[in-house]
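**Q** Here's the letter readout for the chains.
There are 2 protein chains.
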Amino acid sequence: MPMTIIPVKTATQAYDVRLVDHGLDQIAEHIASVWTPCRVALITDTTVGPLYAAKVVTQLTNAGYCVNVLTVPAGEASKSWTQVERLITAMSTMHLTRSDGVIALGGGVVGDLAGFVASIYLRGLSLIQVPTSLLAQVDSSVGGKTAIDLPTGKNLVGSFYQPALVLIDPQTLTTLPARSLAEGYGEIVKCAALVGGAFWALVTQINQLADLIPNAAALITASVQFKAQVVMADEKEGGQRQLLNFGHTIGHAVELLGQGRWMHGEAVAIGLVQVSRLFEAHQLTPAGTADQLAARLQAVGLPTSLPDLPVTQLLAAMQHDKKVHGNQLTWVYLTAIGRPELRAVPVLQLKDWLAPMIKD
Amino acid sequence: MPMTIIPVKTATQAYDVRLVDHGLDQIAEHIASVWTPCRVALITDTTVGPLYAAKVVTQLTNAGYCVNVLTVPAGEASKSWTQVERLITAMSTMHLTRSDGVIALGGGVVGDLAGFVASIYLRGLSLIQVPTSLLAQVDSSVGGKTAIDLPTGKNLVGSFYQPALVLIDPQTLTTLPARSLAEGYGEIVKCAALVGGAFWALVTQINQLADLIPNAAALITASVQFKAQVVMADEKEGGQRQLLNFGHTIGHAVELLGQGRWMHGEAVAIGLVQVSRLFEAHQLTPAGTADQLAARLQAVGLPTSLPDLPVTQLLAAMQHDKKVHGNQLTWVYLTAIGRPELRAVPVLQLKDWLAPMIKD
Numbered sequence: 001m002p003m004t005i006i007p008v009k010t011a012t013q014a015y016d017v018r019l020v021d022h023g024l025d026q027i028a029e030h031i032a033s034v035w036t037p038c039r040v041a042l043i044t045d046t047t048v049g050p051l052y053a054a055k056v057v058t059q060l061t062n063a064g065y066c067v068n069v070l071t072v073p074a075g076e077a078s079k080s081w082t083q084v085e086r087l088i089t090a091m092s093t094m095h096l097t098r099s100d101g102v103i104a105l106g107g108g109v110v111g112d113l114a115g116f117v118a119s120i121y122l123r124g125l126s127l128i129q130v131p132t133s134l135l136a137q138v139d140s141s142v143g144g145k146t147a148i149d150l151p152t153g154k155n156l157v158g159s160f161y162q163p164a165l166v167l168i169d170p171q172t173l174t175t176l177p178a179r180s181l182a183e184g185y186g187e188i189v190k191c192a193a194l195v196g197g198a199f200w201a202l203v204t205q206i207n208q209l210a211d212l213i214p215n216a217a218a219l220i221t222a223s224v225q226f227k228a229q230v231v232m233a234d235e236k237e238g239g240q241r242q243l244l245n246f247g248h249t250i251g252h253a254v255e256l257l258g259q260g261r262w263m264h265g266e267a268v269a270i271g272l273v274q275v276s277r278l279f280e281a282h283q284l285t286p287a288g289t290a291d292q293l294a295a296r297l298q299a300v301g302l303p304t305s306l307p308d309l310p311v312t313q314l315l316a317a318m319q320h321d322k323k324v325h326g327n328q329l330t331w332v333y334l335t336a337i338g339r340p341e342l343r344a345v346p347v348l349q350l351k352d353w354l355a356p357m358i359k360d
Numbered sequence: 001m002p003m004t005i006i007p008v009k010t011a012t013q014a015y016d017v018r019l020v021d022h023g024l025d026q027i028a029e030h031i032a033s034v035w036t037p038c039r040v041a042l043i044t045d046t047t048v049g050p051l052y053a054a055k056v057v058t059q060l061t062n063a064g065y066c067v068n069v070l071t072v073p074a075g076e077a078s079k080s081w082t083q084v085e086r087l088i089t090a091m092s093t094m095h096l097t098r099s100d101g102v103i104a105l106g107g108g109v110v111g112d113l114a115g116f117v118a119s120i121y122l123r124g125l126s127l128i129q130v131p132t133s134l135l136a137q138v139d140s141s142v143g144g145k146t147a148i149d150l151p152t153g154k155n156l157v158g159s160f161y162q163p164a165l166v167l168i169d170p171q172t173l174t175t176l177p178a179r180s181l182a183e184g185y186g187e188i189v190k191c192a193a194l195v196g197g198a199f200w201a202l203v204t205q206i207n208q209l210a211d212l213i214p215n216a217a218a219l220i221t222a223s224v225q226f227k228a229q230v231v232m233a234d235e236k237e238g239g240q241r242q243l244l245n246f247g248h249t250i251g252h253a254v255e256l257l258g259q260g261r262w263m264h265g266e267a268v269a270i271g272l273v274q275v276s277r278l279f280e281a282h283q284l285t286p287a288g289t290a291d292q293l294a295a296r297l298q299a300v301g302l303p304t305s306l307p308d309l310p311v312t313q314l315l316a317a318m319q320h321d322k323k324v325h326g327n328q329l330t331w332v333y334l335t336a337i338g339r340p341e342l343r344a345v346p347v348l349q350l351k352d353w354l355a356p357m358i359k360d
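Protein chains in written order, with full-length UniProt numbering: chain P, 1 to 360; chain H, 1 to 360.
Hints in this document: simulated from the structure, not taken from any laboratory. Just to be clear, a hint being listed does not mean it is correct.
If chains are identical, the list can't say which one is meant, so a pair holds when it fits in one copy or spans any two.
In silico lysine-lysine, DSSO-like type, Cα no more than 30 Å apart, as pairs [unchecked claim]:
| # | residue 1 | residue 2 |
| --- | --- | --- |
| 1 | LYS9 | LYS351 |
| 2 | LYS55 | LYS154 |
| 3 | LYS55 | LYS351 |
| 4 | LYS351 | LYS154 |
| 5 | LYS55 | LYS323 |
| 6 | LYS323 | LYS9 |
| 7 | LYS154 | LYS9 |
| 8 | LYS323 | LYS154 |
| 9 | LYS9 | LYS322 |
| 10 | LYS351 | LYS322 |
Required output: the full structure, derived from the provided sequences and hints.
**A** Here you go:
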C-alpha cells in the first residue's frame with residue numbers, strides 16, 4: 001500500500017511520521033521497524049479501544065510482543081492526575097522496563113495523556129503514537145507535546161517528549177462522528193492559513209464536510225509537513241513554534257470558559273476568525289482576511305462567532321495562558337494568507353487591546 | 001570569596017556548578033547571573049526551610065524577585081504524587097509563567113521533587129538547585145535526574161531535566177546531623193573508588209567523621225567533577241552513566257526492604273562492600289577490594305554488613321530495579337580501585353549469581 005513518510009528530527013530524537021492507508025491492518029510491521037519484541041502498554045480509551053484494540057493486540061502478540069491494554073474513559077476529563085497515577089501504577093505492576101514501550105491508540109486526549117505517562121515512567125519509555133482522530137493526526141501526535149489539565153487551565157502540566165514513530169491510518173476517520181471530523185479540520189485551516197500557497201488552495205476546495213475524507217491524505221500530509229518543519233526549527237516553543245498558536249489565545253479562553261461546550265478545534269475556529277477581526281480592527285491584518293477564514297471553517301459547519309462570555313473572565317483566562325511570558329502575551333496574526341507575524345502585548349494593556357473585539 | 005566553577009554541558013543545557021563557601025550569604029548575585037528578576041517558587045522542607053529560607057527570600061526580594069516559599073514535610077515520603085499535585089497547584093495559583101523559575105533549597109528529597117515539578121509545570125520552568133546536604137551536593141543535584149517514588153520502588157517516576165545553575169555552599173554542612181553527613185560520604189567513596197588516583201588518595205585520609213568538614217570543598221569538587229564528566233558523556237544512562245550505579249543494585253534493594261531503616265548513602269555503603277565481596281567470590285574483583293572499601297566507609301561510621309533480609313525479597317527488589325533492561329540486570333564492579341567494569345546478568349540467573357552473597 002502507498003505510504004507517505006515525513007521525517008522529523010529534533011535535538012533529542014529522529015523519527016518518522018508514516019501516513020499509511022489501512023496502516024492499522026499491518027501495524028506489527030511498522031512497530032517492528034522501530035522496536036524489537038518487548039512488553040507494550042497499549043493505552044486507549046472507551047471509544048477507540050472497542051474499535052481497534054483487539055486488531056492491534058492480535059497482530060502484536062503474533063509478532064512476539066507482550067501487550068497489556070490500559071483503557072481510560074473517553075473525554076478530556078481523563079487528562080488528569082487521577083489517570084496518570086492509575087496508568088503509572090498499572091505500568092509498574094506490569095514491570096515495564098526501559099527497553100519496553102507505550103503505544104497511544106486514540107485521539108488527542110489519549111495521545112497527550114499516554115505521551116506524558118511514557119515521558120515520566122522510569123524517566124522515559126519509548127513511545128509510539130497511533131492517532132485515530134483527525135485532530136490528533138494533523139496536530140497533537142506530531143511535535144512531542146504531552147500534557148494533562150489542571151483545574152486552572154488546559155495542558156498546564158506536561159513535557160516535550162518525542163515519539164519513536166507516528167503511524168497515521170486515515171481509514172480511522174471513517175468511524176469518526178461528523179463533529180470530531182470537522183473539529184480536526186479547524187487545525188488544518190490554521191496550518192493552511194499560516195502556509196498559504198498550494199496548501200491554502202487545497203483548503204479552498206473543501207466546500208462541505210463530505211469533501212474531507214476523499215482529501216484526507218493530502219490535507220494530513222500538508223499539515224504534518226508544516227508542523228514537522230516548525231518543530232524541527234524550534235522544538236520547545238522559543239520562536240517559530242509560537243506560530244502554531246495562531247487562533248489559540250482566544251480559542252483556549254473560549255474552550256476553558258465554555259466548560260465542554262466547544263471542542264478544541266471548534267474553539268480554535270472561533271479563535272482564528274476572532275483574532276483576525278481583532279487585528280483587522282488594529283489595522284495589522286488586511287480587511288477581509290477574517291471573512292476568508294470564516295468561509296473555509298463554516299464550509300464544514302465549524303463555529304466562528306464569539307460567544308457571549310463575560311469579558312472579565314475572557315481576560316483572566318488569557319492572562320493565565322501558557323503563552324504569557326513575563327508580563328507579555330504574544331499574539332499570532334496574518335499580514336496576508338501565508339504570512340504570519342508575532343506581536344507581544346503587555347498584559348496590563350490587554351483590556352484596551354481587546355476593546356474592538358468586545359464591542360463587536 | 002573563593003569560588004570553584006565546574007561547567008556542565010549536555011545536549012539540552014549548559015550550566016555551572018558553583019561551589020562557594022558562604023554562598024548562601026550572596027545568593028542573589030548568583031541567581032541574578034542566570035535569571036532576570038521574576039517570580040520564584042522556592043521549594044524547601046520543614047528542616048531546611050527554618051534554617052535558610054528567610055535569608056534567601058530577603059536577599060532575592062531586595063534584588064527584585066517575587067518569592068513564594070513552598071514547604072514540604074522533611075523526609076522521603078514527600079517524593080509522592082500528593083506533594084507533586086500540591087506544589088503544582090500552588091505554582092498555578094501563583095500564576096508562574098514560563099519566564100519564572102523554581103529554586104530547590106534542601107537535600108536530595110527536595111531536589112528530586114522540586115526538579116520533577118519544575119520539569120513538568122508548563123512543560124518546564126527554569127530550575128536552580130541549592131543543595132544543602134552532603135548527599136545532594138555531591139550526587140543528586142548534579143546530572144539532571146529528578147524523581148518521585150512509587151509504592152513499588154524508589155525513583156520510578158521522573159525526568160531528565162538539567163538545572164540552570166547548581167549553587168553549593170559547604171557551610172550548610174555544619175548544620176547537618178552526623179548521620180546525614182556520613183551518608184553523603186557514602187556516595188563520595190563510590191566516586192573515589194570509580195576514579196582512583198588522587199581522589200582515592202584523598203579519601204584514604206578521612207579517618208573519622210570530623211575529617212569531613214575540613215575536607216568538604218575538596219571532596220565535593222572531586223565528586224562533582226567526576227559526575228559532571230560522566231553526565232556530559234552520557235546524559236541519559238545509555239552507557240558510561242551506568243557506572244554511577246556502583247553499589248546501587250544491592251543498595252536500592254536494601255534501602256527498599258529496610259523501609260526507612262537505612263538512609264540512601266548508608267544502603268549504598270552496604271551495596272558497595274557487598275557487591276565487591278560478591279564479585280570477589282566470582283573472581284572478577286581482586287580479593288581485598290571489599291575490605292579496602294569497608295575500611296573507608298567504616299571510618300565515618302557507615303554500615304557495610306548485609307542485613308538479615310529474606311533472599312526472595314532481595315531478589316524481587318532487584319528484578320524490579322530500573323537498571324533491568326529487557327531481561328538483564330547490569331552490575332558495576334571493580335577490577336581495581338579506579339577501574340570499573342559493567343557485567344550484565346540475565347534475571348533468570350540472578351539467584352545463582354547471588355548465591356555466594358547469600359551463603360555469607
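**Q** Within a copy, between copies, both or neither: which one fits LYS323 and LYS9 at a CA-CA cutoff of 30 Å?
**A** both (24 Å within a copy, 28 Å between copies)
**Q** Within a copy, between copies, both or neither: where do LYS154 and LYS9 come within 30 Å Cα-Cα?
**A** Within. Shortest intra-copy distance 27 Å satisfies the 30 Å Cα cut-off; inter-copy 33 Å does not.
**Q** Taking 30 Å as the upper bound on the Cα-Cα distance, should LYS55 and LYS351 be classified as within, between, both, or neither?
**A** neither (52 Å within a copy, 38 Å between copies)
**Q** Please work out whether the CA atoms of LYS55 and LYS154 approach to 30 Å or closer within one copy, between two copies, in both situations, or in neither?
**A** This pair counts as neither: shortest intra-copy Cα distance 32 Å, inter-copy 36 Å.
**Q** When no copy is specified for LYS351 and LYS154, does a C-alpha distance of 30 Å or less occur within a copy, between copies, both, or neither?
**A** For LYS351 and LYS154, only the intra-copy Cα distance (22 Å) is at most 30 Å; the inter-copy one is 48 Å.
**Q** Give the relationship of LYS9 and LYS351 under a CA distance limit of 30 Å: within one copy only, between copies only, both, or neither.
**A** neither (40 Å within a copy, 43 Å between copies)
**Q** Regarding LYS9 and LYS322, is the shortest C-alpha distance of 30 Å or less found within a copy, between copies, in both, or in neither?
**A** both (25 Å within a copy, 28 Å between copies)
**Q** Is the C-alpha distance from LYS55 to LYS323 at most 30 Å within one copy, between copies, in both cases, or in neither?
**A** neither (40 Å within a copy, 33 Å between copies)
**Q** Reference check for the pair LYS323 and LYS154, CA-CA at most 30 Å: within, between, both, or neither?
**A** within (12 Å within a copy, 35 Å between copies)
**Q** When no copy is named, should LYS351 and LYS322 be tagged within, between, both, or neither for a Cα gap of at most 30 Å?
**A** Intra 18 Å, inter 51 Å, cutoff 30 Å: intra-copy only.
Hint violations for this structure: numbers 1, 2, 3 and 5, all remaining hints satisfied.
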